[in-house]
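**Student:** Top to bottom, those sequences are chains A and B. Last residue of the first sequence: number 477 in our numbering, and the count goes up by one each step with no gaps. Last residue of the second sequence: number 477 in our numbering, and the count goes up by one each step with no gaps.
By construction, these hints were calculated from the structure, which means they are not laboratory data. Predicted, not measured: the structure shown is a model, and the values here were computed from it.
Computed cross-link-like contacts, SDA-like style, restricted to lysine to any residue with a CA-CA straight-line distance of at most 20 Å: (1) A/Lys328 - B/Ser169; (2) B/Lys381 - B/Ala355; (3) B/Lys328 - A/Ala424; (4) B/Lys328 - A/Gln216; (5) B/Lys328 - A/His336; (6) B/Lys328 - B/Ser230; (7) A/Lys328 - B/Gly170; (8) A/Lys381 - B/Gly324; (9) A/Lys381 - A/Gln216; (10) A/Lys328 - B/Glu218; (11) B/Lys381 - B/Pro354; (12) B/Lys381 - B/Val428; (13) A/Lys381 - B/Lys328; (14) B/Lys381 - B/Arg179; (15) B/Lys328 - A/Ala37; (16) B/Lys381 - A/Gly326; (17) A/Lys381 - B/His227; (18) A/Lys328 - B/Pro382; (19) B/Lys381 - A/Gly327; (20) A/Lys328 - B/Ala172; (21) B/Lys328 - A/Glu416; (22) A/Lys328 - B/Gln291; (23) A/Lys328 - B/Ala37; (24) A/Lys328 - B/His446; (25) A/Lys328 - B/Lys381; (26) B/Lys328 - A/Gln98; (27) B/Lys328 - A/Pro382; (28) B/Lys328 - A/His378; (29) A/Lys381 - B/Gly326; (30) B/Lys381 - B/Ser169; (31) A/Lys328 - B/Gln216; (32) B/Lys328 - A/Ala172.
2 protein chains.
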Amino acid sequence: MSSDVTHDPAVRAFVAEHRSRLVEELSAWLRIPSISADPEHADDVARSADWLAQRLVRAGFPTVEIWPTEGLPAVYAEWPSDDADAPTVVLYGHHDVQPADPIELWETSPFEPLVRATPYGEELVGRGAIDDKGQVYFHVVGLAAHLATTGRTSPAVNLKLVVEGEEESGSAHFAQLLRDHRDRLDCDVVVVSDTGVYGRDAISVCVGMRGMVEVQLEARGPAGDLHSGSFGGAVPNPVTVLARMVARLHDADGHVTLPGFYDRVVPLTDRERELLARLPYDEERWLANAQSTATYGEAGFTTFERIWARPTAEVNGLWGGYTGPGGKTIIPSEAHAKLSFRLVADQDPADVRPAMDRWLELLRAEGTIPAGIEVTAHYEKPGVGPFLTPLDHPALQSVTRAMGRAFGTEVLYTREGGSGPQAALAAVLGAPVVFLGVGLPDDRIHAPNEKADLEFLLAGAEAAAYLWADLAATWER
Amino acid sequence: MSSDVTHDPAVRAFVAEHRSRLVEELSAWLRIPSISADPEHADDVARSADWLAQRLVRAGFPTVEIWPTEGLPAVYAEWPSDDADAPTVVLYGHHDVQPADPIELWETSPFEPLVRATPYGEELVGRGAIDDKGQVYFHVVGLAAHLATTGRTSPAVNLKLVVEGEEESGSAHFAQLLRDHRDRLDCDVVVVSDTGVYGRDAISVCVGMRGMVEVQLEARGPAGDLHSGSFGGAVPNPVTVLARMVARLHDADGHVTLPGFYDRVVPLTDRERELLARLPYDEERWLANAQSTATYGEAGFTTFERIWARPTAEVNGLWGGYTGPGGKTIIPSEAHAKLSFRLVADQDPADVRPAMDRWLELLRAEGTIPAGIEVTAHYEKPGVGPFLTPLDHPALQSVTRAMGRAFGTEVLYTREGGSGPQAALAAVLGAPVVFLGVGLPDDRIHAPNEKADLEFLLAGAEAAAYLWADLAATWER
Numbered sequence: 001m002s003s004d005v006t007h008d009p010a011v012r013a014f015v016a017e018h019r020s021r022l023v024e025e026l027s028a029w030l031r032i033p034s035i036s037a038d039p040e041h042a043d044d045v046a047r048s049a050d051w052l053a054q055r056l057v058r059a060g061f062p063t064v065e066i067w068p069t070e071g072l073p074a075v076y077a078e079w080p081s082d083d084a085d086a087p088t089v090v091l092y093g094h095h096d097v098q099p100a101d102p103i104e105l106w107e108t109s110p111f112e113p114l115v116r117a118t119p120y121g122e123e124l125v126g127r128g129a130i131d132d133k134g135q136v137y138f139h140v141v142g143l144a145a146h147l148a149t150t151g152r153t154s155p156a157v158n159l160k161l162v163v164e165g166e167e168e169s170g171s172a173h174f175a176q177l178l179r180d181h182r183d184r185l186d187c188d189v190v191v192v193s194d195t196g197v198y199g200r201d202a203i204s205v206c207v208g209m210r211g212m213v214e215v216q217l218e219a220r221g222p223a224g225d226l227h228s229g230s231f232g233g234a235v236p237n238p239v240t241v242l243a244r245m246v247a248r249l250h251d252a253d254g255h256v257t258l259p260g261f262y263d264r265v266v267p268l269t270d271r272e273r274e275l276l277a278r279l280p281y282d283e284e285r286w287l288a289n290a291q292s293t294a295t296y297g298e299a300g301f302t303t304f305e306r307i308w309a310r311p312t313a314e315v316n317g318l319w320g321g322y323t324g325p326g327g328k329t330i331i332p333s334e335a336h337a338k339l340s341f342r343l344v345a346d347q348d349p350a351d352v353r354p355a356m357d358r359w360l361e362l363l364r365a366e367g368t369i370p371a372g373i374e375v376t377a378h379y380e381k382p383g384v385g386p387f388l389t390p391l392d393h394p395a396l397q398s399v400t401r402a403m404g405r406a407f408g409t410e411v412l413y414t415r416e417g418g419s420g421p422q423a424a425l426a427a428v429l430g431a432p433v434v435f436l437g438v439g440l441p442d443d444r445i446h447a448p449n450e451k452a453d454l455e456f457l458l459a460g461a462e463a464a465a466y467l468w469a470d471l472a473a474t475w476e477r
Numbered sequence: 001m002s003s004d005v006t007h008d009p010a011v012r013a014f015v016a017e018h019r020s021r022l023v024e025e026l027s028a029w030l031r032i033p034s035i036s037a038d039p040e041h042a043d044d045v046a047r048s049a050d051w052l053a054q055r056l057v058r059a060g061f062p063t064v065e066i067w068p069t070e071g072l073p074a075v076y077a078e079w080p081s082d083d084a085d086a087p088t089v090v091l092y093g094h095h096d097v098q099p100a101d102p103i104e105l106w107e108t109s110p111f112e113p114l115v116r117a118t119p120y121g122e123e124l125v126g127r128g129a130i131d132d133k134g135q136v137y138f139h140v141v142g143l144a145a146h147l148a149t150t151g152r153t154s155p156a157v158n159l160k161l162v163v164e165g166e167e168e169s170g171s172a173h174f175a176q177l178l179r180d181h182r183d184r185l186d187c188d189v190v191v192v193s194d195t196g197v198y199g200r201d202a203i204s205v206c207v208g209m210r211g212m213v214e215v216q217l218e219a220r221g222p223a224g225d226l227h228s229g230s231f232g233g234a235v236p237n238p239v240t241v242l243a244r245m246v247a248r249l250h251d252a253d254g255h256v257t258l259p260g261f262y263d264r265v266v267p268l269t270d271r272e273r274e275l276l277a278r279l280p281y282d283e284e285r286w287l288a289n290a291q292s293t294a295t296y297g298e299a300g301f302t303t304f305e306r307i308w309a310r311p312t313a314e315v316n317g318l319w320g321g322y323t324g325p326g327g328k329t330i331i332p333s334e335a336h337a338k339l340s341f342r343l344v345a346d347q348d349p350a351d352v353r354p355a356m357d358r359w360l361e362l363l364r365a366e367g368t369i370p371a372g373i374e375v376t377a378h379y380e381k382p383g384v385g386p387f388l389t390p391l392d393h394p395a396l397q398s399v400t401r402a403m404g405r406a407f408g409t410e411v412l413y414t415r416e417g418g419s420g421p422q423a424a425l426a427a428v429l430g431a432p433v434v435f436l437g438v439g440l441p442d443d444r445i446h447a448p449n450e451k452a453d454l455e456f457l458l459a460g461a462e463a464a465a466y467l468w469a470d471l472a473a474t475w476e477r
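Okay, chain A solo, but in the shape it has when bound (with noise of 0.2 Å):
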């Protein structure tokens, strides 16, 4: 997509440069054990936030803010450009950390970060490498690198870094955070710098996420627990038709059968099916990945297509009856399920409900729920909305071409099946958001000896440069 595209040897050069600076820095960073989900740690995010707003002071940021929240701290900094119509970017990031259990697994200290040799060439090894002190920090090279090599002494861009201190334990307050800074957070477009690529060979931009609405479902039969001989067989079994309400929200072809549910599923292009085949996909490591021994879904989508840009219902737990050791022979009273379903852009969460509600009607007409059985829906939350951004957007259309000049090659699209805070950012800010990330699959995120490829930050920071600098170029107000 951009192979014609070359990079800068200045901003290269500049960025080099840097390396041995990034190292020292960083480290010193990630020997804060910022860990969000340990309350023992509390101190020390607040500790790892002040670290990083005095580096951003430093960096040149005329406006640095400790955010409070009702957990944990954020860290926010503006600094607008001198160009009267520069478009205004919210940079997302995060300075918490993963827990480092378990902590007999770790090859060093999680907190003592250290630089190791590999095939590739350097490594840093600890806790927060790459999730995320380590893309939060390459910003910072990366501004140096664009204001340096432009001469500039404001950014291209309006820049607004947002750097969460909740992700790893669940961003509780962080969409709260964003509706009470909302006028602040004004913007045009969101940058992310929380992922990945998808892997050494095959440089590639998230375009979007999936959203997910859950739903619980409670099926309600007899009163009591009854004994299943005196009863067996005459009257209808919630747990079994909770089962038979499961079998029945797929059809054979995997379909969800919701009616309407499909109704604002953008389909897949052409073009977007053809980059995604065009990722190096290897079923036997997928698998290994997925602890699992086949693939499984709907009929006519491969296994990306099928995570990335195709709605899904899932089971995440049932349960109903006797569940101890040993026998109880009865017809259970109740019988519970927790499902969640995976939403692709066009669809409206809100839509969820209604169409369950219709769903439930119609396996009432049909027998499914028979006359002795009612079944209810809960919800506890309103759910996430998924996002996609089109593959012609000039936001991604800048991304792509930074990471095209930092990494010298070809740009793929990959995009998540989950969804994180990032939806949030999407749907308070109302704003586009896309991806700038360089981790590598073999990273070790959440997990013992976390570590960051050098030569991928070297790039990251090489590449925010290119993007401050194309968004301005580029961007049409």
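Since the structure of chain A is already known, use the hints to place chain B on it.
**Tutor:** For chain B alone, coordinates are given in the frame of chain A:
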């Protein structure tokens, strides 16, 4: 069936004369709180056994023994007939009782029995009044009447009385007890006095019970729980698969789909269906008892036929994945289901396992169990066989005549949907089992204010007196 047979005035007079003694002696026994489920009452269960043993000695049994078990003791008494060709009867009852909880709902003290007037006569209120001390005790009166009115010095049948002490806590050691004493318990027929009639207006005899096989199914998918965003839609979900298996367990008509499951089922004869149909069935009352709002089941059968004469498959419990509060968006690694099959004559519990194996093969072949999901079946127990006494069996004819004479009415037939220690009697002793029981549906067995109608206990004694004479007179060896 026996409306042309009248009562014997001498027997009825004997029984009526012993009414106050029955109340007095049975009350003394009921004062012993022989609660087998409560270890603190182990001594009371032993005292109860001693009380009965002494009473049987006084009744004239030449052999009376306490049979210890690894749990609580049974009482055994033997009284051979002087007649050389007399048939041999094992008479079964139990002397342990249910706990009295919830004690606050008793109108009288559960172990201070009391006679109260009712619209129908009098009732004896107290734990064990009908289940089962009252029904063991009426045999003492009945046997005395039999001897006194025939002028015999020994019963007309060889009588072997086995009164268990652990029935209300699961008969854990009963089958072993029967096996240990198998030779001494050799018999032609087993008479069980631990059940009831269909109603005050429908005197009946139970002619069969269902057997049972329990199986636990395990469905295993990914080696660990997976993130439903990263993998959802592309690997098989074991909970979904198990739900589909449960849905597949019955066809649209409610038939169980295990291959060959019905091969050995003895069909209901027209005569049996006609007799069952004559039992007064009040669906509203039946549903209230079932705590349900609708009946359900195999097409073409009535509620009684479904429960008593048809085999079933029920899910007693099913679980997999996340079952706690809130949501956890996983593809679970495994799922489990506890199933129980109720069997009717002449199904063999040993046939269920190979039928299940064939069923699993079928489900694999058709794709209900897809590649990537491993399903196994586990059996903790060998299962219990069903039994059914043919309507023309001589022992059943004797019981029918005895009940008909005692109650002065036609006798109908019921069955039981469950399985009890009677199944062990039939299996270990290899003899037909008939039921002589006079409980009423409103006797509140296992509940507060358990009672026995005195007229019914006396009718039981009268029926017992007729039974021994009838069996001896009509038995063909």
